[in-house]
Every structure is written in structure tokens, then in C-alpha cells.
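Trainee: Sequence:
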Amino acid sequence: GLIPFTILSIGLVLYYQYLRKNKNANLNEVVQTIFIFLLMSLFVLTIIGIYFRGEGMSLTFF
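Numbering (this note's numbering) for the sequence shown: 1 to 62.
Worth flagging that the hints you see were computed from the coordinates, not collected in a lab. All figures in this text were calculated on a predicted structure; none of them were measured in a lab. A portion of the hints provided could be inaccurate.
Claimed, not checked - Here are the in silico distance ranges between beta carbons for each label pair:
(1) F61 <-> T33: 27 to 37 Å
(2) G54 <-> V31: 19 to 29 Å
(3) G1 <-> F37: 33 to 43 Å
(4) N28 <-> T60: 33 to 43 Å
(5) G54 <-> Y16: 33 to 43 Å
(6) E29 <-> M57: 38 to 48 Å
Built from N, CA and C at the ideal position, the CB exists for glycine as well.
Please construct the entire structure, taking both the sequences and the accompanying hints into account.
Mentor: Shown next, in the form of C-alpha cells:
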């Protein structure tokens, strides 16, 4: 729900501000960076959800 969405939004805003101020990134670079971050997060969570679930959907590692 609302709490994870709020935490994620605050984290992305802080990361956006960090990139703009400290790394002097322009808007296109920031958008690309955040897009790749979110895409890779989705990919990693999908892999974990598919391949590291065992009996009863409990997390197992090999």
C-alpha cells in the first residue's frame, strides 16, 4: 500500500536531488538512471519470485 509507495517515492526524490546537485546530471540523464534502476529492480524481484520459491512458496536458496 501507501507506506511502501511513500518510502519509494521519498527515496526516488532524494536520489533525483542527489544526481542533480552532486553529479550535475541533466534531466535526461536523471530520467534514464531512475528508469534503469526501476527496471533492474523489477527484473531482480521477478527472478527471486520465480526461481527462489520452494514448497509452499517459502523462500529457499538452493
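Trainee: Run every hint past the structure and note whether it holds.
Mentor: Okay, the hints, checked on the actual structure:
Distance hint check: the CB atoms of F61 and T33 are about 30 Å apart, consistent with the given range 27 to 37 Å. Taking the beta carbon of each, G54 and V31 are about 38 Å apart, not inside 19 to 29 Å as hinted. Roughly 22 Å separates the CB atoms of G1 and F37, a value that falls outside the hinted 33 to 43 Å. Checked against the hint of 33 to 43 Å, the pair N28 and T60 passes, with Cβ atoms roughly 41 Å apart.
Evaluation of the 33 to 43 Å hint for G54 and Y16 yields a pass: the beta carbon distance comes to about 38 Å. In this structure, E29 and M57 meet the distance hint of 38 to 48 Å, their C-beta atoms being roughly 39 Å apart.
The structure does not agree with the numbered hints 2 and 3 stated previously, though it agrees with the rest.
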